[in-house]
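Novice: Please build the complete structure, drawing on both the sequences and the hints.
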Amino acid sequence: MLAYALKRLAFLAISLVVASLVIFLVVEVAPGDPASYMLGINARPDTVAALRAELGLDLPKHERYLSWLAGMLRGDFGTSYTYRAPVAQMVAERLWVSLPLALYALTLSTLIAFPAGIYAAARRGRAGDMGVMAATQLGIAVPNFWFAMLLVLLFALKLRWFSAGGFPGWETPLLGLKALTLPALALALPQAAILARVMRSSLIDILHEDFIRTARAKGLSRRQALWRHGVRNALIPVLTIIGLQFSFLLAGAIIIEQVFFLPGLGRLIFQAITQRDLIVVESVVMLLVFAVIAVNFLTDLAYAAADPRLRSRT
Amino acid sequence: MTRNLLLGAALTSVFLVAALLSFVWTPYDTGAMAIAERLRPPSAAHLLGTDHFGRDILSMIMVGARTSIAVALVAVGIGMGAGVPLGLAAAARRGGWLDELIMRMNDLIFAFPSLVIAILITAIFGPGATNAIIAIGIFNIPVFARLARGAALPLWKREFVMAARVAGKSAPRISAEHILPNIANLLIVQGTIQFSLGILAEAGLSYVGLGTQPPVPSWGRMLADAQTMVALAPHVAILPGLAIVFMVLGLNLLGDGLRDRFDPKLRSLRA
Amino acid sequence: MSGSVETQSSGAAKALLEIDRLSLSIHGKPIMTDLSLSIAPGEIVALTGESGSGKSMTALAAMGLLPHAARCTGALRLDGTDLLGLSEDRLCGIRGREIGMIFQEPMTALNPVMRIGDQVAETILVHRAMGRAAARARAAEVLARVGLPPERVPPARFPHELSGGQRQRVVIAMAIALRPRLLIADEPTTALDVTTQAQILDLLRDLVRAEGMGLMMITHDLAVVSEMADRIAVMRGGEIVEQGSTRALFAQMRHPYTRQLFDASGHRADLPQARAGAPLLRVAEVTRSYPGPRRALFAPRPGLIAVNGVSFDIRRGERVGLVGESGCGKSTLARAILGLEPVQAGEITLDGQPVLSHGRPDPEVRRRVQVVFQDPYGSFNPRHKVGRLVSEPFHLLPDPPRGAARDRAIAEALTAVGLEPGHAESYIHAFSGGQRQRIAIARALIIRPELVIFDEAVSALDVRVRAQILDLIADLSRQYGLTYLFISHDLSVVRGITDRVLVMRAGEIVEQGPTEAVFDKPGHWYTKSLLAAAPILPRLSGGGDKDAEQPVA
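Chains as they are written, first to last, in the working numbering: chain C, 1 to 314; chain P, 1001 to 1271; chain D, 2001 to 2553.
Simulated from the structure, these hints should not be mistaken for lab results.
A quick note: this is a predicted structure, and the numbers were derived from the prediction, not measured.
Keep in mind that the hints are not guaranteed to be accurate.
[To be verified] Distance condition first, Cα-Cα at most 30 Å in a straight line; then the derived BS3-like pairs of lysine-lysine:
| # | chain 1 | residue 1 | chain 2 | residue 2 |
| --- | --- | --- | --- | --- |
| 1 | P | K1157 | C | K7 |
| 2 | C | K158 | C | K178 |
| 3 | P | K1169 | P | K1157 |
| 4 | D | K2385 | P | K1157 |
| 5 | P | K1169 | D | K2029 |
[As the list claims (entries may be wrong)] For each label pair, taking beta carbons as the anchor points, the in silico distance ranges come out as:
| # | chain 1 | residue 1 | chain 2 | residue 2 | range |
| --- | --- | --- | --- | --- | --- |
| 6 | D | E2412 | P | V1017 | 36 to 44 Å |
| 7 | D | S2036 | P | I1188 | 45 to 53 Å |
| 8 | C | W227 | P | H1052 | 52 to 60 Å |
C-beta: ideal position from N, C-alpha, C; glycine also.
Specialist: Dropping the structure here:
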């Protein structure tokens, strides 16, 4: 188990280095000089040069990459070209919206999908299954940001149960949670539809396995066999999808934040793009990629916990 | 179920026909604004009403279908064109360094969700439909590579492939002659799913302004424009969304129907 | 019921299980008709027949685990209670407690993510026979009873940490944990090696005798049946064609089908005299190893040696057998000879030319060796017509025949294996397993190879078809003077079709010599144990060997 974890950890580290290199190089080939962009067209060349030196833009590429990397390891993401504020601080503030949103959505998605998927698998081919399958088919087809608009239309504008957007902060946690409820629901529902389908088909596959027949031969009822032997085995492929979904939710959060005017990473990155604040773009993208890779690492560990065959293999 | 196949094919063809028709005819010119006619509800003159510039929503949806389909189709083409050969090559050299390299590169791309790729590309080259295509297309490559490799691996252990090896055929030739035809169904099914995901992704990117740029009509942009008007004229926000839903639903049903037709045991990778 | 030996075969004893005119259909298609059979306590009744005869369905019917679409008539009484009329709840109470079941494939019959002790304890817990701790203790006891004592195989193990035979012992432990009165075993040893098979059969026999259980044993293997069963029922097409006590049934064989099965099981092909010529294949000190799992992150991988320093020759015209249990390296060796796998040490040459030069197979050499694989269903691309499949090895020729010449060659190859030239236009799914193996042989022979490798080529076939294919191989030997390497785990098959035999164990060849000599006077302990473990058909008064030479319908 430890060897397995170490191997995955080594892979995580390598992935991060390669990803950072890719991001750095892509941003590096970007046309336009941030310094002259910040100072405007009429800036004097020596002012531009001074700013370049201040931002460290005059150093050779590999030195800048290494110092960027070293900075990130210390938690120093550099200074925003536009706001002249530490990127780390800007990102940290926004993360307090985006991360809870993604986790909230992941929780909702799992809570909806598991019962729906298990229910459908247990009644496969019958009316209940058909109903769940039709609902998930529709759920997959709905764009989350449009679904968000419909939620706003119904619950905020017509029923006035929630506000249409904005975020009050976490001073009163319940209010913060309430403000994130509609966005999380909008994010979660399409993902829940996918997850429910994966859960269903994975469970149906397992129910055809020989060991389910063995369980029935021991005297377990259909339901007992499903819960005791089916669900845990079915969970193994479902975990992969949950891991993948986290990255979709995090990225999806960027779009949903636009619908609800939430001050999250999405707002930050779109502002940064329009202002060519590349160091912010670079850092946020790196952060997102880090989150995805880290979650995949955790998924791998969860995988090994769920499947003893993986623990003894490395 | 054949019902899935028929319904899916019907829905998909409606949008395909609408998209093709928009090249030669739309009820109104989508470039023409008529402020006097703005935000009209559906009527005999404007079957689906008008938007905040007084443009005919039906015409906008027809041209939008063209944009969506074109972007998603090219993106799937990129994903298949690059991903399938890579996956087949990885399977042919299973366990070797080439396999390892291809799969690790796949993992790396998977770490950049398509939206993140789009953000990177847009941040550097500016927003636009081409960049949306590249972003969605790059993300499709590992999907097809993994699928092709995963489906090809068990085939390489099958005895008919062994027999072909004993008959002296080269790995690329075996891949083309024996492997590809046997995984084609799976690829087609996945193709329809990636197509539908491409349509959703294009809509999302256009919605946040990273995709198709005005004045070219696109479903995502229509929704973005409608957002502030949602209380005044809900139909402006609801109709383009429904177009997306039906198009995606049609493609998914088509995919499921095809899969059931080819082999009910196949399961697609929808993630 | 203290399983006394006296009750075992007396038909008068009160039946434990009584199947009375049971008929079964699925979607209107009849699967079984008018099946009647009874099993007394302490009795072993074998159900035998070829695949598709309805043996397994009978077992599932007795467990009440038939597919939803199945419709039954007749009666299936356990101690007088008709199981067919019982509610699902009552059946759940009977399964595991009154009837235990053992399955064919021990790997897939166990839940991979659950400890073996817990899986055995579950049988006890689900029937609420005792508390959790007591159930655990009892599970450990039962595991010890079936030969898995806790000090050697702790109940905390997972199924993947066990060998095939050990897994089957776990499955048996689950089935007998509550001392059921009836045990149903569906091909319990088919997936196991011959030495493991003998141990599992011993265990089953011992359990039945000691606990007084009735055992319904389903198997296709007549030799196993003859050694195990008190009574036998022979099934064909969903009907019992003949049943009776083992001795009487083998003595009389009233039904011609029983006779056919018996003859085919012991069949020896009529092989022409060997005429060994110059050496053709030379395998010299060949070693093939795979990188094993890495134990630590940077530690070197321990190698898994599949073939270890193997040397042997095959002369022109020789028919050589290679026997060994699964995992002994025989298939790896076959792939190395075919040039499909590199070797780490040693050399494989054909007429002095290496099969692999610089890691690439030499087409000059490769065209002289062809192969017939085991699985008649997996060895053909389902999308190609038979003509194209058969002519695939033409690819190896620098100047392959085209047009009419190609068609003539295909027709000739198909005719040689007993098929019609017209079959070239059909797709493979139209053919039965035996016909497919004929097509595979036609494909191997079409370019007239100097050496043919039969890799478990008859192992997946039913006995009667197997006998026909063996006859075909003997026939082709006579016509074309074939040289071949016949790989099999089945000693009796190898005995009838080869002149010389190599016995392989754990990657090494432990014994070789003329087939009859090795089988009659084995030198190595391993060969001896293999031969001792192999179940044998009873010798009939007329002499089994002579009977076996009769043509098979």
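Novice: It remains to establish, for every hint, whether it holds in the given structure.
Specialist: Status of each hint after checking the structure:
Pair hint K1157 (chain P) plus K7 (chain C) holds up; C-alpha atoms about 28 Å apart against a cutoff of 30 Å. Distance hint between K158 (chain C) and K178 (chain C) is fulfilled; the C-alpha atoms sit about 17 Å from each other, no more than 30 Å. At most 30 Å may separate the alpha-carbon atoms for a hinted pair to count; K1169 (chain P) and K1157 (chain P) meet this at roughly 15 Å. About 21 Å separates the Cα atoms of K2385 (chain D) and K1157 (chain P), which keeps this hinted pair within 30 Å; it holds.
At most 30 Å may separate the alpha-carbon atoms for a hinted pair to count; K1169 (chain P) and K2029 (chain D) exceed this at roughly 44 Å. The given range of 36 to 44 Å is broken by E2412 (chain D) and V1017 (chain P), whose C-beta atoms sit roughly 55 Å from each other. Range check, S2036 (chain D) to I1188 (chain P): about 52 Å between beta-carbon atoms, so the 45 to 53 Å window is met. Between W227 (chain C) and H1052 (chain P) the CB atoms are about 54 Å apart, so this pair conforms to the stated range of 52 to 60 Å.
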